[in-house]
Amino acid sequence: MAFSDWITDARNIVFLVIALTMVGGALVVVTTRNVVHSALTLVVVLGGSAALFLMLGAEFVAWAVILVYVGAVVVLFLFGIMITRAPIGRDSVRLDHERRWPPALIALSVFVVMAWSTTLAFGSEQISGGVIRTDAIGDLLFSRYVIPFEAVSFVLLAALIGGIVLARKDPDR
Amino acid sequence: MIVNQFLVLGALLFSIGVYGVLVRRNAVLVLLSIELMLAAVNINLVAFGAYVDDAVAAGQVFALFVITVAAAEVGIGLAIVVLIFRNRSSANVDELDLMKW
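Taken in order, these protein sequences are the chains called A and B. Using the numbering used here, read the first sequence as starting at 3 and increasing by one per residue. Using the numbering used here, read the second sequence as starting at 57 and increasing by one per residue.
Hints are supplied without guarantee of correctness; some may be wrong.
Under the rule of at most 20 Å between Cα atoms (straight-line distance), these lysine to any residue pairs were calculated in the SDA-like manner [as the list claims (entries may be wrong)]: (1) A:K171 with A:A160; (2) A:K171 with B:I140; (3) B:K156 with A:H99; (4) B:K156 with B:I136; (5) B:K156 with B:R144; (6) B:K156 with B:R81; (7) A:K171 with B:R144; (8) A:K171 with A:F81; (9) A:K171 with B:K156; (10) A:K171 with B:S145; (11) A:K171 with B:N143; (12) B:K156 with B:F141; (13) A:K171 with B:S146; (14) A:K171 with B:A135; (15) B:K156 with B:S146; (16) B:K156 with B:I140; (17) A:K171 with A:S155; (18) A:K171 with A:I85; (19) A:K171 with B:F141; (20) B:K156 with B:L78; (21) A:K171 with B:R81; (22) A:K171 with B:I132; (23) A:K171 with B:L78; (24) A:K171 with A:M84; (25) A:K171 with A:R87; (26) A:K171 with B:R142.
Among the chain A residues that face chain B by a calculated CB cut under 8 Å, a handful are [as the list claims (entries may be wrong)]: (27) I15; (28) A60; (29) A74; (30) I108.
If you're looking for bench data, these hints aren't it; they were derived computationally from the structure. Glycine included, each C-beta is placed from N, C-alpha and C at the ideal position.
Isolated chain A, as found in the complex (with noise of 0.2 Å):
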C-alpha cells in the first residue's frame, strides 16, 4: 500500500499526530535533564496510548491506562523523585551516563530488527476489528478469564504487603 494512500484515510491522520506527539514525548522522558519534567511528559505518551486504544476499539483498556497510569503511576513516580531527592536540572549531577552511543546504537538496533521483522511478516494487512464493549470485557474476565484474574489479584496483594514491609521502618533500629 502506497503511502498517498495510506494518508488518504482520516483515521491515518488521526493515528500519524497521536504517534508524533507520542515518539517526542518518549523522547522528552529519556533525554531531559529535569527529573519532573520526564515523570510528566510520561503522562503526554500513556495518554496517547490510550487515545490509540480508543481507535482500536478498546475502550475499557483506554480508560483503564488513564486511570491507573496517569492516576496513580505518575503520582506514585512523583512522590518518589521528592523522597530521592532526585536532581532537577538546576544543580549539576549527571542523570546520564557519559557514553551515550552505545545504548543509542542497542536502541537502534533493537528497532530495526523489530521494524523489519514486522514489516516483512505483515506488510499491508488491514485491522479489521470493531469495538469491543466494556460489558463484554466484564463477562471474560469473570468466565473464561477467571483464574488469570484471581492470579493477578494474587500478585496486586503481594505487591501491597511488599511495599508496606519495604517502606516501614525497621522496628529494631
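We have chain A; now place chain B onto it with these hints.
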C-alpha cells in the same frame, strides 16, 4: 488502518525505552523508561487483538494484565529505590556495587 503502523510505533517506543534504561543513572528514571517499554507492549497487544478480532478479546485482556503487573512493579520498584536511598543517600544505579564481586 494497517496493523503494521501500530507495530512500528510500538517498536519505536520500546527502543526509546531501551535507550532510557541503558543511559539513565537515576533509578527512578530507569523505572520511567521501563514504563515506556510496557506501554509499547500494550500497544502491540491491543493492535494484535484488533487484527485477529477473536471472540475472547485476548489482546485486550492481556493488556489489562500487563497494566496490573506494571502497577505492582512500580510500587515495589519505588519502595526498593526509596529504601536504597535511605540506606546509601543515593539512587544512582552505578553507585550500587554492594553485590559486585
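**Study point:** Distance restraint between A:K171 and B:S146, which requires alpha-carbon spacing of 20 Å or less
**Key:** OK: A:K171 and B:S146 at ~18 Å, within 20 Å.
Check your understanding: Is the Cα-Cα distance between A:K171 and A:M84 20 Å or less?
Key -> 18 Å, holds
Exercise for review: Measure nothing beyond the straight line between the CA atoms of A:K171 and B:S145; if it is 20 Å or shorter, mark the hint as holding.
Suggested key: Holds. A:K171 to B:S145 sits at ~16 Å (cutoff 20 Å).
**Study point:** Satisfaction of hint between A:A160 and A:K171, Cα-Cα up to 20 Å
**Key:** 19 Å, holds
Review point. Holds or violated: A:K171 with A:R87, Cα cutoff 20 Å?
Key: Answer holds: A:K171 to A:R87 is near 19 Å, not above 20 Å.
Point to revise | Given hint B:R81 paired with B:K156 - CA-CA distance at most 20 Å | key: Cα-Cα ~17 Å, so holds.
Review point. Does the structure keep A:K171 and B:K156 at a Cα separation of 20 Å or less?
Key: 26 Å, violated
Review point. Under the criterion that the straight-line Cα-Cα distance not exceed 20 Å, is the pair A:K171, B:R142 satisfied?
Key: 10 Å, holds
Exercise for review: Decide if the proposed pair is consistent with the structure: A:K171 and B:N143, CA atoms, cutoff 20 Å inclusive.
Suggested key: Holds - the C-alpha atoms of B:N143 and A:K171 are around 12 Å apart, at most 20 Å.
Practice item. Verify the proposed pairing of A:K171 with B:R144, using a straight-line Cα cut of 20 Å. Key: Holds - the C-alpha atoms of B:R144 and A:K171 are around 15 Å apart, at most 20 Å.
Practice item. Below or equal to 20 Å on CA atoms is what counts here, so check B:K156 against B:I140. Key: Holds - the C-alpha atoms of B:I140 and B:K156 are around 16 Å apart, at most 20 Å.
Review point. Given the hint that B:K156 pairs with B:F141, does the C-alpha gap stay at or below 20 Å?
Key: Holds, at about 18 Å.
In summary, the numbered hints that this structure violates are 9, 17, 21, 23, 27.
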